[in-house]
Every structure is written in structure tokens, then in C-alpha cells.
Amino acid sequence: MEEAKKEVIQEAHLMLQAVDDDLKKTQPERAWMLEPMLNYFDVLEKAMNRKRPMIWHFLTLSQEPLRSMDAAVFSPEYAAAVFSILGIAYKYYDLSADRMPEHICVLNRFPTGLSLSGDTVIPDIMLYPAANPCDAGLISYSSLEQHFKDMPFFCVDIPPNTDDRTRRYVGKQLREMVSFIEEKVGLKMDMDELREKIRFSNRGLEIHQKLLEYQKLVPCPTPSLAHLMHGYTNMGVPGVPEVVEWFDRQEAWLTEKAQKGEGAVPEEKVRLAWIANNIDFDLSIYDWLETEYGAVSVACGMSLLNTDPIDPEAGEEEIFEGLATRTMTYPMPMFGRVQVDAYINRCVEIVNEYKADAIVFAGNVGCKYHWTTAKLVKDRLTDALDKPVLTFELSPWDSRVTSSEGIKAKFEQFFDAYF
Amino acid sequence: MQKNLAELAVSIMNPCVEEWKGQGKPVVGYICSYIPREVIHAAGILPYRVGARGCTSTDEADVWMAPITCSFARGCLEMALEGEYGFLDGLVSMNACECMRRMCDNWTHQIEMPFSYYMSVPYKSDEGAVDFYEEELHLFQGTLEKHFGAAITDEGLENSIRLSNETRRLLRKLHETRKSEAPSLTGAEIQKIAILSTAMPLEAFNPMLEVFLEEVDAREGTTGHPARLMVIGSPMDDPRLTEIIEEFGGLIVTDATCFGAYSYWDSIEPVGDPWRSVASYYLKRPGCPRMPQKSGDRLAYIGEMARAFDVDGIIFERMLFCNLWGGETLPLDEGLQEMDIPMLLLDREYIPGAIGQLRTRLQAFTEMIKGV
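For the protein sequence lines, the chains are C and Z, in the order given.
Counting in this note's numbering, the first sequence runs from 1 upward without gaps.
Counting in this note's numbering, the second sequence runs from 1 upward without gaps.
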């Protein structure tokens, strides 16, 4: 690892701790909210302090093998989401704009901006999937590969189908990725460690599945923000024991609420299903929806993970095929990597399963796969479900595209018209 | 027909396709350049590469695809919605770039196609990827055979490979004429002929091109162009932009585009099994940034081309809202600076607009590279 001019990862960690401290004082009922993000940075910083090799990986790649190698595991996309919550991501978006057009999603421009900023260590290796979910994810790393000529990069090939032969192929790719890391960075993967990480990630997903079932209840016991954090946590910090403990506490809390028939809000009036993106730069909008309109976000596409367990006792090949399945079925890939019919069918299932009253298509302007088919999706969902659909543009991580006020105005008009 | 070889490619339909259809033979459209036309041809079907040339507005397509998406993809959808592709008996698409693959979703939802196939194409080109793609080609074979009642034999595929390799050889020969200090063809003329090779039976195209090559030999070349230019970037299946560049900037003498030299610069090398040869060729040939980890190869190709064709400068035409070419800007910018090759970046929509501004930029670029 090369030393950085300053260490923005450390800065972000400190800021997050300060926000968390403040939250615990001002909203003790929300004390749980930032804990997994803090866990993420705790684990990362400890590994950095021990001078462990730094691995940057695109968010939708399986992390369990990386964590089993005792590396400093860092996903710029996860960090971008956290940085946007903290309001410190803009610098890196803007730095990247000198090198790539601004229509490219800021989440995907962030690794370029961050790596060129000198504000953090240059990693020992970068890993990314091909178009899982989008071209921007692919090109953001592929283009850096030419810039950092001496840095090893590995691309995990992920063709578009999710059938058995693709699963086998991607499983082999993930195994090759591990061998590549071993060869280029000198780390070693320990199968026992990997099995252990998988037990942890399985447990996180097992609880996640139980919590998703609660969200189908009327009223929904889970506050919108808790639902979002469940998804982000299992997607961003899988295989970490502290996170499993956090999920245990979430389970206890929400089980009690579910058993009492207690809703997320005193009077649940509208159940929202978000089928495109979320709003990360201003999480208070979810609270505003709940308090102003009794509108609970019962299903956020980005938090609906595939919770199928991987048998930790299985052979190596089977384990990697299981990891391949998870990689291919992360929420974003399930929306963007597939043909639109599969996406629409999944949206119909989501709306029905979670008994949603309205659909929110908050489409990231950077997600070309969304905006090439937004009307088709809306028409098909309207035909199939007879539910109102709110469609609007935003960047989930950049308030400059559509501001909080602009988003609220969209919701106000929508609720006035339909509820 | 011979005299109009270059003119046949300015619209979607052309007399050669009409004649083919008149004989009751099927035509299948394909998107994009990673689809092996040889496999379709070996089934007795005319493979036709879908494009948007001649498109003058995207009004209908814009209803379905937001204006913050690629205008080439919208142009293709527009042509389909306007019925320009009514002659197709099927459509083969793939996981190309996300705008094109979702354009196909729109297409097949609006227009019922008698045959539709979505091909799963790897993003890498190592032997594992070739294995995967070879298997995919056999799956495609089975579906194609079943629908069209055709049998694709190894021998038939080998014949199709020979035919398309001959097309590539002839196109390369045509392309090589531009090395001359006084080229006898414009970039637009050659572009039209290359496009035509994707839009008519090669059995007819190859002899026509051979005759044309003889005519070219007899032509007198022209000199005095302000600059010798190379075009790289997004799909160019419409000569309008090329004509504008050549009117105001200089002569285009080579390119790195998917309807252009990328499609014929390499040939399919026989490696025994023709299916494997095809799979290997389509993954390993020079291609667009859809294929990761190949920026270095692309730069090397561009550098070699620029040297071989004595290029003064490069026009990087980048379709607005194309993530792939947009992201490729970083390595291109840095790579071409290292090679000391001047580059003009043109962000553009598929249908050329703002011609005045374009002219000024092209003229300024030409003056800059020639040190005027």
C-alpha cells in the first residue's frame, strides 16, 4: 500500500462516529442505525493499521473470499454511499468529471475520483465484475486499469443469464479471482476461514429473510430506514461477526413489534414499493414520508437480497457456485443485468408479496438500463397491478441532480393525486 | 448496380435484400458486432446488422427511451417502430451495451418478431470465455435450426467462414488503398461499402467489391486535403458525420469503429472446429470497450493504424450517454498523449446537429495539428 497525502477513509470513519454519537444523544431510538457502517470502517481501518494488503472491489462481487484472506477490503461504491450520507463525496465526483463524462453514474465515477485524488492509499489490487449490473461499473475499473498500469486488476466475467452453466462459469471465475489475488498480492485463502465467513453471511441473510417476511405484514413493523439498512448491510458488510450480532438485535426488536402488531408508524396509510433506486444523500426523506403521509417503504428493491444459504460444508466448487449465485442475484444486477421481462416480473411479485399500494420508480439518471425502459416498465406494471406509479429522476448519491425539496414536491403531487 | 455500390448503404432496405426476400429466403437482424453472422448465414439466412442510417428524428423512440440514453439505440428503435425493419424474419440480440440491449427489449415488446434470440456473450476472451461462447453458439444453432427448419453443418459453417473471410480480405484491400499519399477514395465512400457488407448477401457483395477494386486501381487519387484523420469511437453506420468531417476537417484514412475496420481487420483463423474458430474470433478481435481489460489492445491497435496510415490526428466521436466510450476517455486521453497523437473529442448525437459549431471545431483542430 502506498501512503496517501491524507487518509480520507480514516476521516470518514471519524465523521461517522461523530454522527453516530450525536444520533445516540438526539435520537436514542435510532441508536442502531449507523452501527453496521461503523463496523465496516472499524474492520477496514484495523486491517489498514496492520498494513494488510488493500483490495478494492466493486460492490456486487462476493466479499467472503476476500475477508477470509484477511485483507483490507474496500468497496468504493459502498464508501460512496456512506460518503454521500456524510456529505463528503462531491469532491470525488467532481475530480472524476475531468476524466469521464458527467452522465456516468456518480457511484461509478467515485473510484476514479478517489483513486486520482491522493486522499487515500492506492490499493494493491482492484477487482470488478463485467456489467453486473451495468456498463458504468465495468468501464470505471476497466479504464483505471490502463491508468494504473502496474496494478493488478481482475475482471470477473458475468454473462447475462442466471442459469446453471452461467453459475458454473462465474463460480470458476471467482475461484480464478482468488488464485489471481494469491499470485499477485501474496495473500492466501484458507478454506476453513471462508467457510466461517459464509456461516456469518448465511446467518445475516437468514435473519434478513425473516425480517422481509415481517415487512409483508399489515401494518409493517419495520421503519423504512431499518429496511434500507438491512439490505445495505448484507450487501456491503457480509461475513462480519459484529454485523450478525447487529442483525440478532434487529430481529429481537422487530419480532417483538410484529408480535404486538405494532406498525412502523402509528397509522399506516400507504405502503410504498421502491423498484428502482433509493435516496441515500438524504435519508430523512423516508422519515418525512412516514410522518407526513403515513407512507411506509415496505419494499425497497435495493434491499431485497437473495437470501438462499450456501452450504458451508460443501466442496470448494459448490461454495464458489453459491457465491456466484449471490453475486449474480444482488439487487442491482437483478434489475440491470437481466432482460427487462425478468425485471418487470420481479417487480410485480414484489408489489404483490409486500401488498404495496403504490410504486416508486426513483430512477438514477446514471442508470441507463432504467431510463431505456422506464415507460415500458411503468406501462406493464400499471396493466398488471392497477397501482399508481411515481416516476422521477434523481441521483441517489448526489443532491445536485434532484434536491430533497424537488423529491418531496414529487411525492406531494403524487399523494395529492392518488391518496 | 455496380456504379452505385457505395450508394446502396444509405438506407436500411436495398435492392439486394429485396431480391433475397423476393426469392422467399429469410433475413435475420442482429445486434451487435459480437453476433457471428457466419452461423446465421450457414442456416441459409441472410444476416443483417441492425443500424439506424437514414434516421432523421427519434420522436417515436423517445416516447419509450428517455433522452438521457444513447441516440444510436433510439435511432435503431425509431427505424423499427417506423416499419423500416418490417422485412426481418427474426432478431438476434445480446448483452451488448445496456442501451442497445434494453432497446431490443423495447423493440420486441412493440413489434412481434417471428423469431427472437438473446445471446449470452462473455465479456472476456480467455479460453474459458471461448469455451462458454462456443457452447452458447451451439445453443443458438439448435434454436435457429428448430425455428427455420435448417441444418447447420460444420461444413456449412466452414463455407460461411470462407465467404466472410473473403469479404474481410477484400475490405482490407480497399482500406489499404488509403495508405497512398493521394487516396482515390474518401472515408465516406469506404464507410458506405463496409456498411453494405453487413446488409446484403456476401455472395453478391464480394464479386461487386472485386470489380470496384479494379475501378479504384484505375482512379486518379486526390491530394491537398487539410489533414489525414482517423476516426475512433461509437458506432458509425451513417455516413453523414463522416461527410461533415471530410468537408470541414480532412480526409479520413482509417478508423477504429465497429462498422468499420474492427469488423474486417482480422479474419477467422481456422483452428480445427469451426465453432471454436468463430467463438474465438468474435471475442478476440479488436472491439469496443464493452470488452474490459482491452484498453491497452485498443490503444495499440489505434497507434499501429495511425502510424500505418500516416495519420495527422484522431477524431474521437463519442455518442452522448454512452457509458462505455465515455469511460474509455481516460485511457484514450492518456494513451494518445503518450503516443503524441493529437485527438479531438466530439460528443455527439446520432443525428448530426449544430453543424456550424462542428465545422469551427474541425477547422480549428486541423489548423492546430498542421501548425497553421
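Keep in mind that the hints are not guaranteed to be accurate.
Said to hold, decoys possible - Quick list of in silico lysine to any residue cross-link-like pairs, SDA-like style, CA-CA up to 25 Å: (1) C/K149 - Z/L299; (2) Z/K284 - C/P331; (3) C/K172 - Z/E334; (4) C/K172 - Z/A66; (5) Z/K21 - Z/G296; (6) C/K149 - Z/G296; (7) C/K6 - C/R175; (8) C/K149 - Z/E334; (9) C/K149 - C/L225; (10) C/K375 - Z/N206; (11) C/K408 - C/R175; (12) Z/K284 - C/K91; (13) Z/K284 - C/R175; (14) Z/K284 - C/F180; (15) C/K91 - C/E176; (16) C/K91 - C/D70; (17) C/K355 - C/P331; (18) Z/K146 - C/M151; (19) Z/K25 - Z/D126; (20) C/K387 - Z/F115; (21) C/K387 - Z/V63.
As the list claims (entries may be wrong) - Looking from chain Z toward chain C, a few residues come up when the C-beta cut is under 10 Å (computed): (22) V27; (23) D59; (24) V63; (25) A73; (26) E98; (27) M100; (28) P122; (29) P289; (30) Q293; (31) S295; (32) T329; (33) E334.
Unchecked claim - What follows is a list of derived Cβ distance ranges for each label pair: (34) Z/P207 - C/E176: 56 to 64 Å; (35) Z/E127 - C/G87: 46 to 54 Å; (36) Z/A308 - C/G315: 48 to 56 Å; (37) Z/E269 - C/F180: 45 to 53 Å; (38) Z/R169 - C/E176: 57 to 65 Å; (39) C/K210 - Z/D126: 38 to 46 Å; (40) C/G87 - Z/D59: 36 to 44 Å.
What the hints contain is simulated information worked out from the structure, not anything from laboratory work.
As the structure is a computational prediction, the values presented were derived from the model and not from experiment.
We put the CB at the ideal spot given by N, CA and C, even for glycine.
query = Does Z/E334 meet its interface restraint, that is, does its C-beta lie within less than 10 Å of any C-beta in chain C?
reply = holds (6 Å)
Pairwise hint evaluation, Z/F115 against C/K387, where the allowed Cα distance is 25 Å at most = violated (33 Å)
**Message:** Using the nearest Cβ pair, does Z/D59 come within less than 10 Å of chain C?
**Reply:** Since the shortest Cβ distance to chain C is 14 Å, the answer is violated.
Pair hint outcome, C/K149 versus C/L225 [Cα-Cα no greater than 25 Å]: Cα-Cα ~41 Å, so violated.
Cβ-Cβ distance between Z/E127 and C/G87: within 46 to 54 Å?
holds (47 Å)
Under the criterion that the straight-line Cα-Cα distance not exceed 25 Å, is the pair Z/K21, Z/G296 satisfied? Judged against 25 Å, a Cα distance of about 43 Å means the pair is violated.
What's the verdict on C/K355 and C/P331, does the C-alpha distance respect the 25 Å limit or exceed it?
holds (19 Å)
Check your understanding: Taking only the CA atoms, is the gap from C/K149 to Z/L299 under or equal to 25 Å?
Key -> Given pair C/K149, Z/L299 holds - Cα atoms ~13 Å apart, limit 25 Å.
- Task: Could you say whether the range 56 to 64 Å given as a hint is met by the Cβ separation of Z/P207 and C/E176?
- Result: violated (47 Å)
Compare the distance between the alpha carbons of C/K408 and C/R175 with 25 Å, and conclude whether the hinted pair is satisfied.
Measuring from Cα to Cα gives roughly 46 Å; hence the hint is violated.
Check: Holds or violated: are the alpha carbons of Z/K284 and C/K91 at most 25 Å from each other?
Finding: violated (38 Å)
(Q) Does the closest beta carbon of chain C sit nearer than 10 Å to the beta carbon of Z/V63? (A) holds (7 Å)
The structure fails hints 2, 3, 4, 5, 7, 9, 10, 11, 12, 15, 16, 18, 19, 20, 22, 23, 34, 37, 38 (numbered hints given earlier, in ascending order).
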